[in-house]
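Those protein sequences? They're chains B and G, same order as listed. Residue numbering for the first sequence follows our numbering, starting at 31 and increasing by one per position. Residue numbering for the second sequence follows our numbering, starting at 90 and increasing by one per position.
Incorrect hints may have been included.
[To be verified] When the alpha-carbon atoms are kept at most 25 Å apart in a straight line, the in silico DMTMM-like pairs for lysine to aspartate or glutamate are as follows:
1. B:Lys-210 <-> B:Glu-288
2. G:Lys-128 <-> G:Glu-114
3. B:Lys-257 <-> B:Glu-307
4. B:Lys-210 <-> B:Glu-254
5. G:Lys-128 <-> G:Glu-189
6. G:Lys-203 <-> G:Asp-163
7. B:Lys-318 <-> B:Glu-261
8. G:Lys-128 <-> B:Asp-66
9. B:Lys-198 <-> B:Glu-286
10. B:Lys-196 <-> G:Asp-129
11. G:Lys-128 <-> B:Asp-360
12. B:Lys-280 <-> B:Glu-307
13. B:Lys-387 <-> B:Asp-360
14. G:Lys-128 <-> B:Glu-174
15. G:Lys-91 <-> B:Asp-102
16. B:Lys-318 <-> B:Asp-389
17. B:Lys-280 <-> B:Asp-344
18. B:Lys-280 <-> B:Glu-336
19. G:Lys-91 <-> B:Asp-155
20. B:Lys-198 <-> G:Asp-132
21. G:Lys-91 <-> B:Asp-435
22. G:Lys-91 <-> B:Glu-229
23. B:Lys-196 <-> G:Glu-140
24. B:Lys-210 <-> B:Glu-307
25. B:Lys-387 <-> G:Glu-185
26. B:Lys-198 <-> G:Glu-140
27. B:Lys-196 <-> G:Glu-189
28. B:Lys-356 <-> B:Asp-389
29. G:Lys-91 <-> B:Asp-243
30. G:Lys-91 <-> B:Asp-140
31. G:Lys-128 <-> B:Asp-155
32. B:Lys-196 <-> B:Glu-209
33. G:Lys-91 <-> B:Glu-286
The set of hints was computed from the structure by calculation and includes no laboratory data.
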Amino acid sequence: MGESDPITLEALLRDLGPAVLGALMRRFGDFASAEDAVQEALLSAALQWRADGLPDHPRGWLIQVAVRRLTDQWRSDLARREREAVYFAENRVVEKAPVPMDRAGEAAQDDMLILLFMCCHPAIDSPSAIALTLRAVGGLTTAEIANAFLLPVATMAQRIGRAKQKIKDSAIPFVLPNEKEKAERLGSVLHVLYLIFNEGYASSVGPHLQRSDLAWEAIRLAREVHKLLPENCEVAGLLALMLLTDARRKARTGPEGELVSLADQDRSLWDQELIAEGLAIISAALTKGAVGPFQLQAAIAAVHDEAAQAADTDWPQILALYRLLKGMLDSPMVALNHAIAAAMVHGPVVGLDLVAKLDLPGCLAGHYRLDAVRAHFHEMANNDLLAKEHYLRAAARTSSAPERDYLHRRVSRLLIKREKPEGRSPKR
Amino acid sequence: MKYILLMQFQVAGWEGGNLTNWKPEEIKANGDFLRSLNKDLADAGELVAVEGLGGPGQLKVVRAQANGTIAITDGPFPEAKEFLAGYWIVDVPSAERAYEIAGRLSAIPGPGGKPSNLPIEVQPIMRHCGDL
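Take the sequences, apply the hints, and build the full model.
Structural data, given as structure tokens:
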């Protein structure tokens, strides 16, 4: 019997989850049932270990309980549906391979990767892949995931069910993809982790308090993948990007929860530890050669984080990085950010010319962010009337309340700026 | 991204449109349509909430008065041509998907089994987070 501190216990359970699920998968194959069984085993462990302390072999304990749950489940299915003959004819309950269930080391580590590849399979739509990844690999309960996305539990359960059904229908095997497929499939995994991070980062305020904090969960999973694939530069890039972005978390909202733009943030609130870690990871990755989009985005985040004041930002460096990124990703948002960097280096007229090219149907026409960026450029050019018009147009189009409030504040700032010279100092 | 779909119903058409005047097969077609739509949305993991409302007979308008009391009046605003019959909240990847659902909803079978083509008001639900 050992440590039963709730935080340590929770971390231990979440580390063990994928390995236990992997063990069941290698033996029985039935992902949907195995995943349910592991969730139940983790819940039992959370209750029992907290009360009685840790068992001598936590992983073995979990596997045993999960297998018992799985067989109970099958037995009740069989009894209810009287389909025993069918089950055995289909070979479903037969052991898959003579592999010892509780393999430590390499195989157990592979399990987590295999699970990620399964949950983030391109055949599964993003919302379902996100939900399944958080449950099967992240070890969150359906209720916690639903809560994090502000959705009813039934809706989230449905998404998880859909993803499991897709795995079954597409007969996605429980093996690592071959070398040929690996890069593409890893791309889907990183994309899903990135979406989880974004969802969490955009909606989070203040320090990481909750277990279902999505940004923190995405970082935890990215760390694990980085540990398993230390030589992969894009994995390193994604992890660094998350760390370097999350470092600004405390500064990005004000006391009322209002958004604070990067230029206006109190940089003393930035988390220097996360910045140092992110910088070390991205620097090491960039020296290895195979530069990809996540590394470039991390490098851009790093340039921002290295500036002690907004005015110190090395915009020419950021512009050069965005130029490279634009060559790699055909994304209107990257093109928009490139235009911002260009405006910071060459002035707002250049920026306005660049964004005019994005004002096309099917590109960014009608998107609030295009208007918001235009408004900033007009403000830089001291064209307050046009700035105001575009800020208001952006505010009318955004579906984020804090963003709308931010845009309205920019307008009131413009009005105050214009009134000040008359109000405060007498005319000469 | 969450959207609210508001199903509008003609105040003038309510008496005739009221289910009590419908033939049983018309009521069934209407109910089957709603059940099938709601099931599809639930199965897709898109349905957040759906409710049908009481109709003009149960609708009250409440307004605080200058003297601190409240006034309650029966029925929709006198100038209103339409009232809210029900709403859906869906969580979908795009506005286009929300419009697609609203389009399907609009064609709900009415009297005679014909598509009602009701106006469905679609609005994004404001998020309380931002991406700056």
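Verification of the supplied hints:
1. B:Lys-210 <-> B:Glu-288: Between B:Lys-210 and B:Glu-288 the Cα gap is close to 46 Å, so the pair fails against 25 Å, i.e. violated.
2. G:Lys-128 <-> G:Glu-114: Holds, at about 21 Å.
3. B:Lys-257 <-> B:Glu-307: holds (14 Å)
4. B:Lys-210 <-> B:Glu-254: The hint holds at about 23 Å.
5. G:Lys-128 <-> G:Glu-189: With a Cα-Cα distance of about 16 Å, the restraint between G:Lys-128 and G:Glu-189 holds, given a limit of 25 Å.
6. G:Lys-203 <-> G:Asp-163: Violated - the C-alpha atoms of G:Asp-163 and G:Lys-203 are around 31 Å apart, more than 25 Å.
7. B:Lys-318 <-> B:Glu-261: holds (9 Å)
8. G:Lys-128 <-> B:Asp-66: Distance of about 24 Å is within 25 Å: holds.
9. B:Lys-198 <-> B:Glu-286: Violated - the C-alpha atoms of B:Glu-286 and B:Lys-198 are around 47 Å apart, more than 25 Å.
10. B:Lys-196 <-> G:Asp-129: holds (16 Å)
11. G:Lys-128 <-> B:Asp-360: Violated, at about 37 Å.
12. B:Lys-280 <-> B:Glu-307: Between B:Lys-280 and B:Glu-307 the Cα gap is close to 17 Å, so the pair holds against 25 Å.
13. B:Lys-387 <-> B:Asp-360: holds (14 Å)
14. G:Lys-128 <-> B:Glu-174: holds (24 Å)
15. G:Lys-91 <-> B:Asp-102: Distance ~39 Å between G:Lys-91 and B:Asp-102 Cα, so the pair is violated.
16. B:Lys-318 <-> B:Asp-389: violated (38 Å)
17. B:Lys-280 <-> B:Asp-344: holds (23 Å)
18. B:Lys-280 <-> B:Glu-336: Holds: B:Lys-280 and B:Glu-336 sit about 17 Å apart, inside 25 Å.
19. G:Lys-91 <-> B:Asp-155: Given that 25 Å is the threshold and the Cα spacing comes to 17 Å, the pair holds.
20. B:Lys-198 <-> G:Asp-132: holds (16 Å)
21. G:Lys-91 <-> B:Asp-435: holds (19 Å)
22. G:Lys-91 <-> B:Glu-229: holds (14 Å)
23. B:Lys-196 <-> G:Glu-140: Given that 25 Å is the threshold and the Cα spacing comes to 30 Å, the pair is violated.
24. B:Lys-210 <-> B:Glu-307: violated (32 Å)
25. B:Lys-387 <-> G:Glu-185: holds (24 Å)
26. B:Lys-198 <-> G:Glu-140: Measuring from Cα to Cα gives roughly 34 Å; hence the hint is violated.
27. B:Lys-196 <-> G:Glu-189: holds (24 Å)
28. B:Lys-356 <-> B:Asp-389: Answer holds: B:Lys-356 to B:Asp-389 is near 17 Å, not above 25 Å.
29. G:Lys-91 <-> B:Asp-243: holds (20 Å)
30. G:Lys-91 <-> B:Asp-140: It is violated: about 37 Å lies between the C-alpha atoms, which goes past 25 Å.
31. G:Lys-128 <-> B:Asp-155: holds (19 Å)
32. B:Lys-196 <-> B:Glu-209: At roughly 23 Å apart (the allowed maximum being 25 Å), B:Glu-209 and B:Lys-196 satisfy the hint.
33. G:Lys-91 <-> B:Glu-286: Judged against 25 Å, a Cα distance of about 24 Å means the pair holds.
The earlier numbered hints that this structure contradicts are 1, 6, 9, 11, 15, 16, 23, 24, 26, 30.
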